[in-house]
Amino acid sequence: MHDDVVIRVIAKVMIPAVMLFALYVQFHGDYGPGGGFQAGVVFAAAFVLNAMIFGLNRGRHAWPARLNLLAICGGVLLYGLTGVASMLLGANYLDYDVLGATTQSGQHIGILLVEFGVGLTVASVMVALFFTFAGRLTHIRLMAKMQAHEEADQRKTKRKARSTKKRARK
Amino acid sequence: MMQHLPILQVLLPLLGAPLAALLRHRDMAWGLALLLTGAAFLISIILFSQQQMTGETLVYDLGGWPAPIGIVYVIDAASALVLPVISGIAFVATIAARRLVEAEIDARDHALFYAAWLLTIAGMLGQVTTGDAFNIFVFLEISSLSAYALVAMGAGRDRRALPAAFNYLILGTVGATFYVIGLGLLYMLTGTLNLVDLSDRLADVQSTRAAFTALAFIALGLFLKMALFPLHFWLVPAYAHAPSAVSALMAATATKVSVYVLIRLVFGVFGIDFPGLADAVGLLVLTLGIAGAFVGTLAAILETDLKKLFAQSSIAQLGYMAIGIGAMSATGLAAAFIHLFNHALMKGALFLAIGAIAAQVGRAGMGTIQGAGRQIPLTMTAILVGGLALIGVPLTAGFISKLYLVRALLEQDFWLLAALTFISSALALAYVWKIIETAWLKERPKGAPVLVETPVHYVPAWLMVIATIGFGIFASPLVDAAYAAAHVFIGGAR
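Protein chains in written order, with the numbering used here: chain A, 1 to 170; chain B, 1 to 494.
Bound-form chain A, shown alone (with noise of 0.2 Å):
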């Protein structure tokens, strides 16, 4: 992308504002509308938006593919383990009722943990996706351009070959 100015300083305001957005609709979906899947899409759309305005390169460094992994897979086991512990609290996989106090605060902290579960690891999916995607790009161009080259030394070994045949012959 052209290096345009207006683009960068309005996504450097956008991208923290998209972020605190997904929080509120991470959180406030216990109330209302959201959850943890919108929740995830849209943070994962202010990593999405960083790279392509600062980079591939920019991107991948705010956020490490390891860590990434990490979360994909953390946002599974805490979601798992939300159920194993009303489990181990004596109820059946996910009854959040024995999680807290009262069977209220119970299903209030078990659904926060579970979504909040699901928004990790559908906002790191997210964020692996257009990663790999974006990366098979320059992954293509690098081929295509190994290849160009390559292509260019065969004809210049062809050429030589032909030219030293000729000097034998005469």
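In short, the hints are calculated from the structure, not lab data. Treat the hints with care, since some could be wrong.
Said to hold, decoys possible - Ranges between beta-carbon positions, derived for each pair:
1. B:Thr54 <-> A:Pro16: 57 to 67 Å
2. B:Asp106 <-> A:Leu81: 29 to 39 Å
3. B:Val205 <-> A:Ala17: 45 to 55 Å
4. B:Val59 <-> A:Leu142: 52 to 62 Å
5. B:Thr208 <-> A:Leu88: 38 to 48 Å
As the list claims (entries may be wrong) - Covered stretches of chain B (chain A as the covering partner; in silico rule of three or more C-beta atoms under 8 Å from a C-beta of chain A):
6. 13–22
7. 53–67
For glycine and all other residues, C-beta sits at the position ideal for the given N, C-alpha and C.
Given chain A, put chain B in place with the hints provided.
Quick look at chain B alone, frame taken from chain A:
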């Protein structure tokens, strides 16, 4: 803890997957997979014996929400029979996976491989356990998506794994979409997704066109998923080019789960008395089943690559299961369950033995095994016994399958079909003989790579071979369990 077994069955491999992905060392990931599949196998055996003893249906409410509102996991005679098949095969395949994966997959991908491996197992176990129609779809997608990734991981050694995985992805997604469209129609009609509740409420609207359309979509989607002829084209390349461990796991379990889901939906939800079911599903499944039995067998005879050969034979074997379903009787369903069980054992043995060869030399074609009978006698004998079981030779599990299949057909006076089943089984002799001839009667060509076998190569396959023979000789517990499973869906005498 005992009351949590139905959920733990699915949960252990499901939560094992993210853990395996995080483990850096490949042996640790393998060890975790082995531990969890072993635990799942143990749990499924406990559930099976518990169910057999009490004869009751075990229901587990997720989140403490009871049936029509919440999602329930149901262990009845049918799911209790299918669970040990899947988890048992998964366990044995995991034992074998270590060597096969080491040989075929880049070391950096091992942790992710075992993560996908555990996910696909969890998905299959979930489809069988759950009593919620939409939950079936979710688990179907979990198992399929991870299976696409597993097939594609064969690309390190065989680039054709990529188009195979892509075809599988497209067709698998179409199948799953059809299933969910049908489900949407049912939900619109009844307002429920619980299988038992769905079946009750469907009785009021069963003569509507929407209900029939739902049946058509669901059945078609599952035909695609179970690779019923002529919707089987994704299966052969996917099994042939996948890593050997994946071929073994999937050939033995993946399509079986779809057969189970088809039975569960068609007979458990729509019910045998559903108007048009006998014509639309029964007749169609019978015709396609017998056609598939012939097409698969003939294609297998022409094939020279062992993995492809036995993948084609899977098409034929799925045809037999379809015939059992299409007979629309308790005996027919029992025969389908028996064959589902037995075929999983045979194909497990075959693909594990072939995998042991393919992992050494890259591919297992007729040229590779020429004269190999003396070089690797135990591995080749495993293939031989598996092949004989596919034909239906007495003293192997395949014989029991064919016996009950023919019995179901004769019960309904389908003489012609019984004869055709017999002929197509006999035709299977052609490809098994081809293998015997190549492996034992021909000399090993000069300069052929030396094949070796050590216990790690043949023990997993032989576990399956022993089970194949064992269930061929002592078949009565299996037959009883299969009839009990069939009676969940269709009443009637033995």
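> Do Thr208 of chain B and Leu88 of chain A keep their Cβ atoms within the hinted range of 38 to 48 Å?
Replying inline: For Thr208 of chain B and Leu88 of chain A the Cβ distance comes to about 47 Å; the hint holds.
>> Against the range 57 to 67 Å, how does the distance between the Cβ atoms of Thr54 of chain B and Pro16 of chain A compare: consistent or not?
In response: Between Thr54 of chain B and Pro16 of chain A, where Cβ atoms are some 59 Å apart, the hint holds.
> That 29 to 39 Å hint for Asp106 of chain B and Leu81 of chain A (C-beta), does it hold up?
Replying inline: This hint holds: roughly 31 Å between Cβ atoms.
>> Can you tell me if the region 13–22 of chain B counts as covered by chain A, using C-beta to C-beta distances under 8 Å and a minimum of three residues?
In response: Coverage by chain A holds for the region 13–22 of chain B (7 residues, Cβ < 8 Å).
> Regarding Val59 of chain B and Leu142 of chain A, is the given constraint of 52 to 62 Å on their beta-carbon distance met?
Replying inline: With a Cβ separation near 56 Å, Val59 of chain B and Leu142 of chain A satisfy 52 to 62 Å, so the hint holds.
> Okay, Val205 of chain B versus Ala17 of chain A on CB: inside 45 to 55 Å?
Replying inline: 49 Å, holds
> How does the coverage statement for the region 53–67 of chain B fare against chain A, requiring three or more residues with Cβ below 8 Å from a Cβ of that chain?
Replying inline: holds (count 5)
Violated hints: none; the structure is consistent with every hint.
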